[in-house]
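If you read the sequences in order, they're chains A and B. For the first sequence, position 160 (counting from the first letter as 1) is numbered 142 according to our numbering, and the numbering increases by one without interruption. Adding 583 to a residue's 1-based position in the second sequence gives its number in our numbering.
Hints may be right or wrong, so weigh each one.
What the hints assert, rightly or not - The following label-pair restraints were derived from C-beta to C-beta distances:
(1) A:Leu25 with B:Trp696: 31 to 41 Å
(2) B:Trp696 with A:Pro272: 35 to 45 Å
(3) A:Arg192 with B:Leu683: 50 to 60 Å
(4) B:Leu680 with A:Leu144: 23 to 33 Å
(5) A:Asp270 with B:Leu683: 32 to 42 Å
(6) B:Leu680 with A:Asp302: 15 to 25 Å
(7) A:Ala309 with B:Trp696: 17 to 27 Å
(8) A:Leu144 with B:Glu598: 38 to 48 Å
(9) A:Ser171 with B:Leu683: 51 to 61 Å
To be verified - Straight-line distance between alpha carbons at most 30 Å, and here's what the computed DSS-like set of lysine-lysine pairs gives:
(10) B:Lys688 with A:Lys15
(11) A:Lys296 with B:Lys688
(12) A:Lys242 with A:Lys185
Claimed, not checked - Computed from the model, here is a short list of chain A residues facing chain B with C-beta under 8 Å:
(13) Leu12
(14) Met34
(15) Leu152
(16) Leu153
(17) Met167
These are calculated hints, taken from the structure and not from any lab test. Just so you know, even glycine gets a beta-carbon here, dropped at the ideal spot from N, CA and C.
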Amino acid sequence: MVELALANLASPALLYAGCALGAIGIALALPRKGVSPQIVGALIAGAGLGAMLLAIGIVNPRVLPNYHFYIFGFIALGASLRVITHPRPVYAALYFILTILASAGLYVLMSAEFMAFALIIVYAGAILITYLFVIMLATETPTADAVEALSEYDRYSREPVLGSITGLVLLAGLTTLIGRGVGEMQPASIYTNADRIEWLPRKVEQSLRRAGLMLPDEHIARGEPAANGAPGPLLISLNPGPDGAIVGSVTVAYGQAGTKVISSDDPNWPADLGISNPEGVGFTLLADHPGGIEVAGVILLMAMLGAVVLARRKVQLDEDARRDLMARRQSEQLARGGVNEPFAANTPLAPSTLSGNWEGGAA
Amino acid sequence: MNTLFCTLAQSGWPEPMPTGTLFHYLVISAAMFVIGLIGFVTRRNLIIMFLCTELMFQAAGLSLIAFSRFHLNHTGETFVIFVLTVAAAEAALALALVVLLFRRKESLDAERWAELRG
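Work out the full structure: start from the sequences and follow the hints.
Encoded structure:
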């Protein structure tokens, strides 16, 4: 039953084979003790992704997205694979920025331009820079350029095979369930926000003037004024039509009392009149979900206060770390062949070396 | 490049998106989520673990945008704005915590905090 529903969208056997290949590739590409064939793993994982996309493509070749989808998709997934396999945190963060840029490309392909650029500005421009700063603040200074100089927790991952099997099971389950659910859905054909073009009279007016339908001395007419003297509503009646165009009419006033009706049947009617993506997002955000903005503001304020409070707190090194630091210093001193004063575990160290010197004035 | 610019120019009135195309985007998003999950359970560096949660956020955002495009309304895109907000708040708090943890142990190894298991 499940297979039947998925089979309308993809060939299940090839899809699961692709999942398995991807999991094997990730397991090989994760850094580990001994030999870690990262390039081979990445190639196998890429082949797995190719097999998955092929599995979808061969069932219904008419619905293939255009080739930019494949370019951006492979860049996004390849870079995210590199995020989890690169031993150096700074490079992982840089590859994450590449993932963001490729996802922004996918957003543009789905005609979500506003979110694409917001994503680049907020994620790549702000959040990832914070990550880079923290990586630089909270990393032991490497002594050499080689990978062996990195700390142990960067060089080896924990249980790569088990993790990949978990991922394989989750990916197979996700694609099955998504295929089953999506297979029953019908695409929408009319933009939900399309009738909100009536809320933008100036845009309608400019568009009509540019098309030559409204002359300079004409303006959009208003209806009867309300009882309390407020101006009447603008006489615009526009609705989404069957093939994506706007249909309806605009009443235009000229001279003393003359009016005429411009309807969408006019051959000069502007074809590009419509809600653009940022306008649509703005209407949805402000008209449909105004409470969400308030909540988002509170969340951001709380996060800012929390981060300030947390970062100003003074922290003592705990026992284990203190012992490690002693041992490291002792061995360094021995290696240098200098005077080796024996360090006892309870010798007080200079506070500046223990707690770092970037605490600001939080004493 | 032509198709890309066409997509941009006709942004107000995109064609309906076929179900198969939606499935392409959802598979990419599911794969990205799973990569983030695998990274979260296997890597031992605290910062990389948080980077992997951002990867999972990103995958969720991708599928939200895909559904938004499929249903031809902007609610999904609006929700991505809130996902971005939560991601920014989470990054600020989580990174402040990471700095605290690093100052206590001089190490970013998640296994050094194994005693929290109780």
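Cross-check of the supplied hints:
1. A:Leu25 with B:Trp696: 31 to 41 Å: Taking Cβ atoms as reference, leucine 25 of chain A and tryptophan 696 of chain B lie about 35 Å apart, which means the hint holds.
2. B:Trp696 with A:Pro272: 35 to 45 Å: 41 Å Cβ-Cβ, so the 35 to 45 Å window holds.
3. A:Arg192 with B:Leu683: 50 to 60 Å: At roughly 58 Å between Cβ atoms, leucine 683 of chain B and arginine 192 of chain A fall inside 50 to 60 Å, so the hint holds.
4. B:Leu680 with A:Leu144: 23 to 33 Å: 26 Å, holds
5. A:Asp270 with B:Leu683: 32 to 42 Å: 39 Å, holds
6. B:Leu680 with A:Asp302: 15 to 25 Å: 19 Å, holds
7. A:Ala309 with B:Trp696: 17 to 27 Å: The hint (17 to 27 Å, Cβ to Cβ) holds, given that alanine 309 of chain A and tryptophan 696 of chain B are roughly 20 Å apart.
8. A:Leu144 with B:Glu598: 38 to 48 Å: 44 Å, holds
9. A:Ser171 with B:Leu683: 51 to 61 Å: Since serine 171 of chain A and leucine 683 of chain B have Cβ atoms about 53 Å apart, the given range 51 to 61 Å holds.
10. B:Lys688 with A:Lys15: Within the cut-off at roughly 24 Å; holds.
11. A:Lys296 with B:Lys688: Answer holds: lysine 296 of chain A to lysine 688 of chain B is near 13 Å, not above 30 Å.
12. A:Lys242 with A:Lys185: 19 Å, holds
13. Leu12: Check passed: Cβ of leucine 12 of chain A comes within 6 Å of chain B, closer than 8 Å.
14. Met34: 6 Å, holds
15. Leu152: Holds. Min distance 6 Å.
16. Leu153: Since chain B brings a Cβ to about 4 Å from leucine 153 of chain A, closer than 8 Å, the hint holds.
17. Met167: At 6 Å from the nearest chain B Cβ, methionine 167 of chain A passes the 8 Å test, so the hint holds.
Hint violations for this structure: none, all hints satisfied.
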